[in-house]
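**Q** If you want the building blocks of each chain, they are given just below.
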Amino acid sequence: MDSETYSPEYIEAWLRNELPEEETAAFREKVQADPALADAVLLQQLAMEAGNHLSEEHLQQKALSWAQQIPLESIPEKGALKSRRFWLFLTGFLFLAVALAYFLYPSIVKEKPPHSAPPEKKINSEPSEEKGSVAETPELLPPPEDAPVNKLPSSQQFTAAARELYDAPDSWLSGSRSGDLRPGERYADSLYRAALAAFLQNRLKKAETLAKAALTSDSSYVEALRLLAHTQFLQNKFQEAAQNFEAMKARYSSRDEEATWNLLLCHYARYREADARKSLHKQLQKILKDPEHAYTKAALRLKKAVESQ
Amino acid sequence: MNKAFLNTGETFLLAAIQAGGQAREDAWLHITQTWGAYILKVAIQNSACSPDEAREAYSIAVVGVDKRIRMANQGDFLQKASLKTYLTKSAYYAALEVKKQRRPVADPEDYAGKLASEDFDQRLRQKECRLVMEKALDGIGGRCKTILLLFNDGYSMEEIALKMGFKAEVNAKNEKYKCQDRFKSYLITNPGLKKSLTEACYG
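If you read the sequences in order, they're chains W and H. Oh and the first sequence: position 308 is 308 in our numbering, straight run, nothing missing. Oh and the second sequence: position 159 is 159 in our numbering, straight run, nothing missing.
Derived from the structure by calculation, the hints contain no laboratory data. All values derive from a computational prediction rather than experimental measurement. One or more hints might be untrue.
To be verified - Sample of chain W residues facing chain H (criterion: CB under 10 Å; computed from the structure):
id : residue
1  : Ala33
2  : Asp34
3  : Ala40
4  : Gln44
5  : Ser154
6  : Gln157
As the list claims (entries may be wrong) - Across the chosen pairs, the derived CB separations fall in these ranges:
id : chain 1 : residue 1 : chain 2 : residue 2 : range
7  : H       : Met71     : W       : Ala33     : 54 to 64 Å
8  : H       : Met71     : W       : Gln68     : 51 to 61 Å
9  : H       : Thr146    : W       : Glu9      : 18 to 28 Å
10 : W       : Pro20     : H       : Ala48     : 46 to 56 Å
11 : W       : Glu29     : H       : Ala168    : 34 to 44 Å
12 : H       : Ala23     : W       : Leu15     : 17 to 27 Å
13 : W       : Arg251    : H       : Phe12     : 47 to 57 Å
All C-beta atoms in this analysis are idealised placements derived from N, C-alpha and C, irrespective of residue type, glycine included.
Based on the sequences and whatever the hints tell you, model everything.
**A** And the structure:
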C-alpha cells in the first residue's frame with residue numbers, strides 16, 4: 001500500500017489516535033518507511049491544524065466581542081479601585097465609631113454620681129431581660145382598680161409606653177389577594193392596595209378611610225380589618241383599634257396572637273380607665289401562661305412595666 | 001472527572017464546552033457575562049493593564065482554557081481548582097503578556113497558576129505557526145474556511161448541512177475533505193509556504 005491507498009479519513013483517524021492499537025503501530029512503521037506517505041500525513045496534519053487555527057481565532061474574536069460588551073464602568077481602573085477601597089475603609093471606620101459611641105454612651109451616662117438630679121417619673125416599658133424569665137414568672141399583681149387615678153402616670157405617658165411596645169408588622173404584601181376574584185372582591189382588593197400604600201407612606205388618615213372602604217366592599221376581607229386596626233392604633237384611636245383587634249382575633253385565627261398583643265397594647269394605652277385595666281390584666285395573664293405565644297417576651301416586659309406603676 | 005472543585009453550574013458549563021457546537025458557544029457567552037467583569041477586574045488590578053488590554057487578555061485565556069477542556073479526557077485538569085479560578089489566572093498571565101511584563105514563576109502549590117502558565121508558554125511557541133497559517137488559509141476561500149471552522153467548533157453534520165445549505169448530511173462531510181484537499185493543493189503549489197508552515201508549527 002502507498003500513500004494513494006490511504007484515505008484522508010484513515011490518516012486523520014490515525015493522527016487522532018482513533019485506530020486500534022495494532023493498526024496504529026503498523027501504520028506508524030509504514031509512514032517511517034514511505035516518504036510519500038509521510039508527506040501525505042504531514043499535509044493532513046497541517047490541514048487539521050488549519051481547522052484548529054480557524055476555530056481558535058473564531059472563539060477569540062467572539063470572546064473579545066463579548067468582553068467588549070462588559071460596560072467600562074463595571075471595570076474600575078486600578079487607581080479608582082484604590083480610591084474606592086480608601087472610601088470604603090473610611091466609611092466603615094466612621095460607622096464603627098458611631099456604633100461604638102451609640103452602645104457605650106448609655107453605660108457612661110449610668111456611671112454618673114448618684115447625687116445628680118432625680119429623673120422625672122417615667123413608665124418603665126423596657127425593664128431588663130435578666131430580671132425574669134417566662135418559666136419563673138410570678139402571678140401578675142391584682143389590677144389596681146382601687147388605686148387613685150391621679151397617682152397614675154398621664155394618658156400621654158401610657159400612650160407613649162404602649163407605642164414603644166408596639167411592633168409594626170412587616171408581612172403586609174401577602175395581604176393582597178390573587179387568582180380569580182369576583183367584581184366586589186376585586187374592588188375591595190384595589191382599595192386595600194391603595195390603603196396599604198398610604199399606610200406605608202405614613203398617610204394614616206387616608207389609609208384608614210381606604211381600609212374602611214375595602215371592608216365595606218367586602219366584609220370578609222380580614223387583611224383589610226387588620227390594616228384598619230393598625231392604622232387606628234398608630235393614630236392613637238385606641239378604643240376603635242381595640243374593637244377591630246377584637247374582631248380580628250375572632251375572625252383571623254392565623255393572626256390571633258398578633259391581634260391579642262395589639263389589643264393588649266390598646267388597653268395599656270387606656271390604662272387610666274378601669275375597664276381597660278381589667279381587660280389588660282386578664283389578657284396579659286393569658287399570654288404569660290402560654291410560653292409558646294409569639295409575644296410572651298414582650299408581655300413579660302409589659303408586666304414589669306405595669307407592676308412598676 | 002473529579003468534580004470536587006466544580007459546582008453544579010460549572011459541571012454543566014464543562015459538559016457544554018466539551019459537546020461543542022452551539023452549546024459550547026453559549027457556554028462561553030454565559031461565562032463571559034457571569035464572570036467577565038470579575039476576571040477583567042482582577043487582570044487590571046494585578047497587572048495594571050488597561051480595560052482594553054484586559055479584554056484582549058481575557059479572549060486569549062478563553063482559547064487556552066477551551067483547548068484544555070476539549071482535549072480528550074482532559075477535564076481532569078480541574079481537579080484542584082474551579083473553572084473560574086483557572087480562567088482568572090489564565091487571563092492574568094495573558095494580561096502580563098499583553099503588557100509585555102515578566103510573568104512571575106508559578107508557585108508549585110498554585111495548581112491553576114501552573115496550568116495557566118503552561119498554556120501560555122504553548123501559545124507563545126505557536127505564535128509563528130498562527131501567523132504563517134493565516135497566510136496559508138488565504139488560498140482556500142471564505143466558504144471552505146467556514147466549513148472547516150464549523151467542523152472544528154464541534155458542530156454536528158446535521159447542523160453544518162443546515163447552516164451551509166447542503167441537502168444531505170453526507171455532503172457536509174465530503175465538503176470538509178474537499179476543503180482540506182484544497183488547502184493541501186495550495187501548499188503543494190506553494191512549497192515555500194508549506195516549508196515555513198511546517199517549521200513554524202512543528203519545529
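**Q** Checking each numbered hint in turn, tell me which of them this model violates, lowest number first.
**A** 1, 2, 5, 6, 7 and 8
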